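Visitor: Taken in sequence, the protein lines are chains R and L.
Under my numbering, the first residue of the first sequence is numbered 440, with each subsequent residue one higher.
Under my numbering, the first residue of the second sequence is numbered 4, with each subsequent residue one higher.
No lab work stands behind these hints, which were simulated from the structure alone.
It is possible that part of the hints are untrue.
Pair by pair, the computed Cβ-Cβ distance ranges are [as the list claims (entries may be wrong)]:
{"hint": "1", "chain 1": "L", "residue 1": "Phe21", "chain 2": "R", "residue 2": "Ser561", "range": "44 to 50 Å"}
{"hint": "2", "chain 1": "R", "residue 1": "Ala698", "chain 2": "L", "residue 2": "Leu113", "range": "41 to 47 Å"}
{"hint": "3", "chain 1": "R", "residue 1": "Glu538", "chain 2": "L", "residue 2": "Leu131", "range": "33 to 39 Å"}
{"hint": "4", "chain 1": "R", "residue 1": "Ser480", "chain 2": "L", "residue 2": "Leu124", "range": "40 to 46 Å"}
{"hint": "5", "chain 1": "R", "residue 1": "Ala698", "chain 2": "L", "residue 2": "Leu131", "range": "47 to 53 Å"}
{"hint": "6", "chain 1": "R", "residue 1": "Glu642", "chain 2": "L", "residue 2": "Leu108", "range": "37 to 43 Å"}
{"hint": "7", "chain 1": "L", "residue 1": "Leu124", "chain 2": "R", "residue 2": "Arg526", "range": "35 to 41 Å"}
{"hint": "8", "chain 1": "R", "residue 1": "Arg549", "chain 2": "L", "residue 2": "Leu131", "range": "39 to 45 Å"}
{"hint": "9", "chain 1": "L", "residue 1": "Ser20", "chain 2": "R", "residue 2": "Ser682", "range": "53 to 59 Å"}
{"hint": "10", "chain 1": "R", "residue 1": "Phe650", "chain 2": "L", "residue 2": "Phe158", "range": "56 to 62 Å"}
{"hint": "11", "chain 1": "L", "residue 1": "Leu124", "chain 2": "R", "residue 2": "Ala488", "range": "28 to 34 Å"}
{"hint": "12", "chain 1": "L", "residue 1": "Leu124", "chain 2": "R", "residue 2": "Ile495", "range": "27 to 33 Å"}
{"hint": "13", "chain 1": "R", "residue 1": "Val500", "chain 2": "L", "residue 2": "Ser20", "range": "40 to 46 Å"}
Computed footprint of chain L on chain R, listed as stretches where at least three residues anywhere in the stretch have a Cβ under 8 Å from a Cβ of chain L [as the list claims (entries may be wrong)]:
{"hint": "14", "stretch": "486–500"}
{"hint": "15", "stretch": "516–529"}
{"hint": "16", "stretch": "658–665"}
Bear in mind the structure is a predicted one, so any value in this text is a computation, not a measurement.
Cβ atoms here follow ideal geometry from the backbone N, Cα and C, with glycine treated the same way.
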Amino acid sequence: MEYQPPPFFNRGPAPLVRLIFFVSLAILLMVLDARFRYAESVRQVVALAAYPIQRIAMAPVDLFHGVADYFGSTAALREENDALRTRQLRAAPDLLRLEALKEENVQLRRLLDAQERLPSKSVFAEILYAGRDPFSRRVVIDKGSQSGILPGQPVIDDVGVIGQVTRVYLLMSEVTLLSDKNQAIPLQVQRNGLRAVAYGGAEGGMLDLRFMAANADIRNGDILVTSGIDGTYPPGLPVATVSRIERDAADAFAKITLAPTAGTDRYRQVLVLSAEAKPAPPVEAEPPVPKPSRSKRSRKRE
Amino acid sequence: MELQHQTQRILLPAKGSFILLTLALALLFNLLPWRNLVGVPDLTAAVLAFWCIHQPRRVGIGIAWTLGLLLDVGNGALLGQHAFSYAVLAFLALVVHRRIHWFPLWQQALHLLLLLLLTQLLTLTIRLAAGAGFPGWNYFAGSFVCAALWPALSFLLLLPQRQDEKPDANRSI
């Protein structure tokens, strides 16, 4: 009869074998996630399992906010209320004129036979937490595919663009901030309409305005808004202001650093805009060609 | 310096529910919204290493891998990155688990510091290879904080397994 060790000593496969098994599994996942994006379904399932833990982790923060709100004195609230009312009143004439201008714009565009702009819808969301991954700059918001969020939608707060939805779960989505290294946004100088593209990844959450000629007409303090030529961000949203310009004679391009207008550190409320819908093309247009814009957008989502 | 091993008391067996609870609490701690604070310790890694050292037959590489995967999704990191580094951490902890009990707590903390730095280095290499930018030297601060917390952590996690101080005269052992 074969000798069997008592179960007390039986420890299963050796640690090294286990390590090799699990490490190769992890490497497989990483390659699938980084290169092919096949791991999204795995991520979705694990996300659903992790959701309760994440909500519990949020509880102390929610409690803190709740208590702070409760003890916020009526005076402070009244003051804030007054300030908001003044702001609204000050904005009212512009808002009233905006309606008329919108009408006029539609009419003029019709006269010029330009494409009409469709009004974009938006979803209100709150920032749950900022991701702890030190390699990327992301925040997680509390609306997901259940609220109709789609990857690629731009996200703004009350003063400007903060980023783009890059990954959607059932009940949450991840927003990649403009300052992330892999994020790019087409911009326009508000003063003179000069177009450029800004990239994230500069130190201190700043943006880089690359490939601007050294003699380009751009100054400190210039406001940059979205140009809308990418079809993802609606045009005219404020994004950043020029904070530093270095013109080096040795370099063909100026080195321009931008400070983002919006800050995710201040408020938790954001608005997710639906990507601008284009009206259907006229029927007599030429046969459909493969759209280059899709691959471009998917590259940006990375 | 002479090696001083304090006469160790015989510990009660750790309860499976207690191990699970501490791991879950550490995971919660990691998922708290820390924003961009410098030097937030990776408590999950520390608790995991603790159980791998003290209960190597019950907590091992498989559990480490699963915890890492949960953290990956929670943090929106590259899928498998924490799973990878935690599996390596668990393996290293299993390798040193017989030796480490001979050292006083602060020297154990030095052991742990080395393990944590190594796993962080692994993660960094992976992310740099995947195309991320270097996050700055602050990135490693968490490991030092974690190692500094090790004595307190071991004390806390061993508390429920201690027997009462009074030795029983009629006890067989």
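Visitor: All hints are to be evaluated individually against the structure, with a verdict given for each.
Guide: Structure-based check of each hint:
1. Phe21/L - Ser561/R: 44 to 50 Å: This hint holds: roughly 48 Å between Cβ atoms.
2. Ala698/R - Leu113/L: 41 to 47 Å: At roughly 43 Å between Cβ atoms, leucine 113/L and alanine 698/R fall inside 41 to 47 Å, so the hint holds.
3. Glu538/R - Leu131/L: 33 to 39 Å: Violated, since glutamate 538/R and leucine 131/L (Cβ atoms, about 52 Å apart) do not stay within the stated range.
4. Ser480/R - Leu124/L: 40 to 46 Å: violated, 31 Å
5. Ala698/R - Leu131/L: 47 to 53 Å: violated, 27 Å
6. Glu642/R - Leu108/L: 37 to 43 Å: holds, 39 Å
7. Leu124/L - Arg526/R: 35 to 41 Å: violated, 51 Å
8. Arg549/R - Leu131/L: 39 to 45 Å: violated, 53 Å
9. Ser20/L - Ser682/R: 53 to 59 Å: Holds - the Cβ-Cβ distance for serine 20/L and serine 682/R, about 54 Å, lies within 53 to 59 Å.
10. Phe650/R - Phe158/L: 56 to 62 Å: Taking Cβ atoms as reference, phenylalanine 650/R and phenylalanine 158/L lie about 58 Å apart, which means the hint holds.
11. Leu124/L - Ala488/R: 28 to 34 Å: holds, 29 Å
12. Leu124/L - Ile495/R: 27 to 33 Å: Distance hint for leucine 124/L, isoleucine 495/R holds at roughly 31 Å.
13. Val500/R - Ser20/L: 40 to 46 Å: Violated, at about 27 Å.
14. 486–500: With 10 residues close enough to chain L, the hint holds.
15. 516–529: Answer violated; 0 residues pass the 8 Å Cβ test.
16. 658–665: Answer violated; 0 residues pass the 8 Å Cβ test.
Going through the hint list in order, the structure does not satisfy hints 3, 4, 5, 7, 8, 13, 15 and 16.
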